[in-house]
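Same order as they appear, the protein sequences are chains A and B. Sequential numbering of the first sequence, starting at 1, is according to the numbering used here. Sequential numbering of the second sequence, starting at 530, is according to the numbering used here.
Derived from the structure by calculation, the hints contain no laboratory data. Glycine included, every Cβ here is placed at the ideal spot set by N, Cα and C. Watch out, some of these pointers could steer you wrong.
Subject to a maximum C-alpha distance of 16 Å in a straight line, what follows is the list of computed EDC-like cross-link-like pairs (lysine to aspartate or glutamate) [as the list claims (entries may be wrong)]:
#1 A:523 - B:689
#2 A:191 - A:180
#3 B:740 - B:676
#4 A:401 - B:601
#5 A:411 - B:604
#6 A:270 - A:240
#7 B:575 - B:552
#8 A:171 - A:460
#9 A:411 - B:601
#10 A:270 - A:238
#11 B:575 - B:738
#12 B:785 - B:769
Cβ pair distances, simulated, as ranges [unchecked claim]:
#13 A:395 - B:609: 31 to 39 Å
#14 B:557 - A:306: 28 to 36 Å
#15 A:460 - B:624: 55 to 63 Å
Here are some, though not all, of the chain B residues that point toward chain A, as calculated from beta-carbon distances under 7 Å [unchecked claim]:
#16 631
#17 637
#18 641
#19 653
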Amino acid sequence: MGKWSPRQFLSNRQQQSYVISLGAFCAGLLVVALACVLMLITIRGLDYFWPRPVQSIQFELPDGTAKQVYAQINERHINSAVESGSEPAFVFRYSDSQHPYGRSLLVEAHAVEVISEAQQAADILLHNGTRVFSEPLSIRLPEGQSGELAKYEEVRDTVTAIREQIETVRKERLASVHRELASLDLRQVEKDAPARLRLYADFERWQQEVLRLEAQLADYQLVTRFNNGSEFLIPLDDIDRLSYPGQLDWFGKLGIVGAGVVAFLTDAPKQANTAGGVFPALFGTVLMIFVMTILVTPFGVLAAVYLHEYAPDNHLTSVIRICVSNMAGVPSIVYGVFGLGFFVYLVGGNIDELFFSDALPAPTMGTPGVFWASLTMAILTLPVVIVATEEGLRRVPEGLKSGSYALGATKFETIWHTVLPMASPGIMTGVILAIARAAGEVAPLMLVGAVKFAPNLPFDGEFPYLHLDRQFMHLGVLIYDGAFHSQTDVRSASLMFASCLLLLVVVFVLNVLAVILRRRLRKRYLRGY
Amino acid sequence: MLKLFEREQLNLAKLPEAQTAIEVRDLCLRFGDKHVLHNITMRIPKNRITALIGQSGCGKSTLISCFNRMNDLIDNSVTEGEIIIDGRNINRKKENLSILRSQVGMVFQRPNPFPMSIYDNVCYGLRLQGIKQRRQLDDAVERALIEAALWDEVKDRLFESATTLSGGQQQRLVIARALALKPSILLLDEPTSALDPLTTLIIEELMAELKKRCTIVIVTHNMQQASRVSDYTAFLHQGELVEYSDSDTLFTLPEKKQTEDYITGRYG
Numbered sequence: 001m002g003k004w005s006p007r008q009f010l011s012n013r014q015q016q017s018y019v020i021s022l023g024a025f026c027a028g029l030l031v032v033a034l035a036c037v038l039m040l041i042t043i044r045g046l047d048y049f050w051p052r053p054v055q056s057i058q059f060e061l062p063d064g065t066a067k068q069v070y071a072q073i074n075e076r077h078i079n080s081a082v083e084s085g086s087e088p089a090f091v092f093r094y095s096d097s098q099h100p101y102g103r104s105l106l107v108e109a110h111a112v113e114v115i116s117e118a119q120q121a122a123d124i125l126l127h128n129g130t131r132v133f134s135e136p137l138s139i140r141l142p143e144g145q146s147g148e149l150a151k152y153e154e155v156r157d158t159v160t161a162i163r164e165q166i167e168t169v170r171k172e173r174l175a176s177v178h179r180e181l182a183s184l185d186l187r188q189v190e191k192d193a194p195a196r197l198r199l200y201a202d203f204e205r206w207q208q209e210v211l212r213l214e215a216q217l218a219d220y221q222l223v224t225r226f227n228n229g230s231e232f233l234i235p236l237d238d239i240d241r242l243s244y245p246g247q248l249d250w251f252g253k254l255g256i257v258g259a260g261v262v263a264f265l266t267d268a269p270k271q272a273n274t275a276g277g278v279f280p281a282l283f284g285t286v287l288m289i290f291v292m293t294i295l296v297t298p299f300g301v302l303a304a305v306y307l308h309e310y311a312p313d314n315h316l317t318s319v320i321r322i323c324v325s326n327m328a329g330v331p332s333i334v335y336g337v338f339g340l341g342f343f344v345y346l347v348g349g350n351i352d353e354l355f356f357s358d359a360l361p362a363p364t365m366g367t368p369g370v371f372w373a374s375l376t377m378a379i380l381t382l383p384v385v386i387v388a389t390e391e392g393l394r395r396v397p398e399g400l401k402s403g404s405y406a407l408g409a410t411k412f413e414t415i416w417h418t419v420l421p422m423a424s425p426g427i428m429t430g431v432i433l434a435i436a437r438a439a440g441e442v443a444p445l446m447l448v449g450a451v452k453f454a455p456n457l458p459f460d461g462e463f464p465y466l467h468l469d470r471q472f473m474h475l476g477v478l479i480y481d482g483a484f485h486s487q488t489d490v491r492s493a494s495l496m497f498a499s500c501l502l503l504l505v506v507v508f509v510l511n512v513l514a515v516i517l518r519r520r521l522r523k524r525y526l527r528g529y
Numbered sequence: 530m531l532k533l534f535e536r537e538q539l540n541l542a543k544l545p546e547a548q549t550a551i552e553v554r555d556l557c558l559r560f561g562d563k564h565v566l567h568n569i570t571m572r573i574p575k576n577r578i579t580a581l582i583g584q585s586g587c588g589k590s591t592l593i594s595c596f597n598r599m600n601d602l603i604d605n606s607v608t609e610g611e612i613i614i615d616g617r618n619i620n621r622k623k624e625n626l627s628i629l630r631s632q633v634g635m636v637f638q639r640p641n642p643f644p645m646s647i648y649d650n651v652c653y654g655l656r657l658q659g660i661k662q663r664r665q666l667d668d669a670v671e672r673a674l675i676e677a678a679l680w681d682e683v684k685d686r687l688f689e690s691a692t693t694l695s696g697g698q699q700q701r702l703v704i705a706r707a708l709a710l711k712p713s714i715l716l717l718d719e720p721t722s723a724l725d726p727l728t729t730l731i732i733e734e735l736m737a738e739l740k741k742r743c744t745i746v747i748v749t750h751n752m753q754q755a756s757r758v759s760d761y762t763a764f765l766h767q768g769e770l771v772e773y774s775d776s777d778t779l780f781t782l783p784e785k786k787q788t789e790d791y792i793t794g795r796y797g
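Go ahead and model the full structure; you've got the sequences and the hints to work with.
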């Protein structure tokens, strides 16, 4: 007997067909896995925007009191063996006079008496992110007048106009008075100096104006009724969106979804990141990736050009090459710790001592911020760019370089005019991989600048407009944070899924842009080679 | 008899300086420990076509690369001896290679147009010299392409990518690229070995035309080509110059046995 060989059992043709089917099976599994991930994220993410009907529910509390409320039932029926024996239960969020701004509750199925559609009930979303489920009755206007519900839109416009007036006064008058006062403080002007007194008077005057307008605003209210008959007043100024989910047709629902998506993309998070939008996180993510790309591309390309074109072919160079490849395998948290220890504390701390010593001990640069985060990510993605660029440089035909030299070009001119353009698709491949890697990292970012909630964007109207020293919000961190919120609070869980979907879209869009750019470069420089 | 009038014979050994384009004196070249060229001494006449023939690895490409110092690009190359072009030894240390290489153009075996438009390809060397005026560039491109016998074929598509041209057109474009710098010497390193016979013929006709403007040195494996186009031929064997004379003599009445063996195909 010789060695075991498949030829003893299978014909060549059988062998081939088995190999092909096994390979196809594996490839198919891959596609299925990818589709599952995308479907789950998409479905759960879009769930955040889909309007849920408001229902009228009668149920009994464990102490025996009966309640009749408007509520939104979460789709997930929890079969909570742990919390209530083996019985199914409902999880819903309701509003009543005791908890007007909503309360989540888990009620066993036998305690629920009646569930019915409540078409007249509205889902009222407030500016602070909370929701009220109640039935709008009428509008209360200034001087005790009352208005028809039909005039809702009209009255809202009036309210919005007053709100804008207040904001204008705040921004244009009060803010400038504040700034001048702060500068007086800085120069240590006497407490009773005339300039100071004049500013105080100004401040008082504009403050009064704001108070007058706010009092005026408070007179506009929406009168609503809970399911048990008690009335509840909501200031119109507080209301963000009002909808009747029970009365909506498909188009109406899609409109709500559209408005929800827009709000999600443009609003700031509310209620400790369980409601509202993710604009600061989206902005922070994209900004961080852009700054990182700007930092890593020239650095990585220069390093690769040196390694490939200039470095002598000796042991040191090959050691450097091995180090670069190994850098790609270092766990990302290590880079986070490095960024914190080196960039933030050492570099940032020294910059503070040298340039911002008057602000110490409060750190200016010696604190986590978007610039340090971008720099850390640049270090993390550097090996990817170097390796891909070198690959691109390797593909430049020797003949072209000789051709350039033969026309009198120096080495630098040859690299600049001939080698780099031809290696540019390779460079773009590196940038694509770097973007994909950087967009997905969370752990190192949390050490060097990404926070759960940042009061300010890293970009505003104040000089120098782009504040790279500020901390920033990041979609990945938001998702990480969202995963720790209450599992029963389905809405905040789906906020996490929606953020996840958005992160996927961001990475996808950035990648597509880079791929399109690479294709154009390929077409321009590599056609015919 | 007629042929003698056509090709006025020069005495290569005692070529006067005014008629010498390149004078090589005791040129030795080695890569590390490997000696490639031994004591080559020769004078290449102006406005003539000189062919270098010999087996693969005999050093003819290395010799031609000495004339514009392309061997400098190879890490461990050491060149000794003198090469005098335009009255100066180009092997000296402070020779400006950019200027030298614009005076001594070179065309390689495989056409190597840059991945840019035809126009930009021809301008490449001029732009490196800092010429930016559009008029000047336009004129130079047109002149170079006419000289390279390519103008009529590409004048309507100057701004298309050069890589869309055919192999023969690409090779002529590469010649035009070198001609744009108005070189006094043109080095052709097996310029037709990657081309079909018809295209080869076009390039050969072009060479005959070009020798009015500049000196041409061509490396070739093709004996017929050498006898067809060149005025003078040098035969190299294992890094040594075996025989160097006018082509008619070399191909009909070679002095050395080695030369005869090679041109009659007994080896190589």
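Status of the hints after comparison with the structure:
1. For the hint linking residue 523 of chain A to residue 689 of chain B, the alpha-carbon distance of about 12 Å falls within 16 Å, and the restraint holds.
2. Proximity of residue 191 of chain A to residue 180 of chain A is assessed by CA-CA distance (about 14 Å); at most 16 Å being required, the pair is judged to hold.
3. This hinted pair checks out: residue 740 of chain B and residue 676 of chain B have alpha carbons roughly 11 Å apart, not beyond 16 Å.
4. At roughly 13 Å between alpha-carbon atoms, residue 401 of chain A and residue 601 of chain B fall within 16 Å of each other, so this suggested pair holds.
5. For the hint linking residue 411 of chain A to residue 604 of chain B, the alpha-carbon distance of about 14 Å falls within 16 Å, and the restraint holds.
6. The hinted pair formed by residue 270 of chain A and residue 240 of chain A meets the criterion: a straight-line CA distance of about 13 Å does not exceed 16 Å.
7. Among the hinted pairs, residue 575 of chain B with residue 552 of chain B is consistent with the structure: their alpha-carbon atoms are about 11 Å apart, no more than 16 Å.
8. Distance check on the hinted pair: residue 171 of chain A and residue 460 of chain A sit about 13 Å apart at the alpha-carbon level, within 16 Å; holds.
9. Distance restraint check for residue 411 of chain A and residue 601 of chain B: the Cα-Cα separation of roughly 12 Å lies within the 16 Å cut-off, and the hinted pair is therefore satisfied.
10. Between residue 270 of chain A and residue 238 of chain A the alpha-carbon distance is near 14 Å, which keeps this suggested pair within the 16 Å criterion.
11. Our distance criterion of 16 Å between C-alpha atoms is met by residue 575 of chain B and residue 738 of chain B, whose separation comes to about 14 Å.
12. Using a Cα cut-off of 16 Å, the hinted pair residue 785 of chain B and residue 769 of chain B holds, with the two alpha carbons roughly 13 Å apart.
13. Distance hint check: the CB atoms of residue 395 of chain A and residue 609 of chain B are about 36 Å apart, consistent with the given range 31 to 39 Å.
14. Between residue 557 of chain B and residue 306 of chain A the Cβ separation comes to about 34 Å, which falls inside the hinted range of 28 to 36 Å.
15. At about 59 Å, the beta-carbon gap between residue 460 of chain A and residue 624 of chain B stays in the expected band of 55 to 63 Å.
16. Interface hint at residue 631 of chain B: satisfied, since its Cβ lies 4 Å from the closest Cβ of chain A, which is below the 7 Å cut-off.
17. Proximity of residue 637 of chain B to chain A holds as hinted, the smallest CB-CB distance being about 6 Å (cut-off 7 Å).
18. Interface hint status for residue 641 of chain B: upheld, as the beta-carbon distance to the closest one in chain A is roughly 4 Å, under 7 Å.
19. Checking residue 653 of chain B against chain A by beta carbon gives a least distance of about 6 Å; that is within 7 Å, so the hint holds.
Against the hints set out earlier in the document, no violation occurs for any number.
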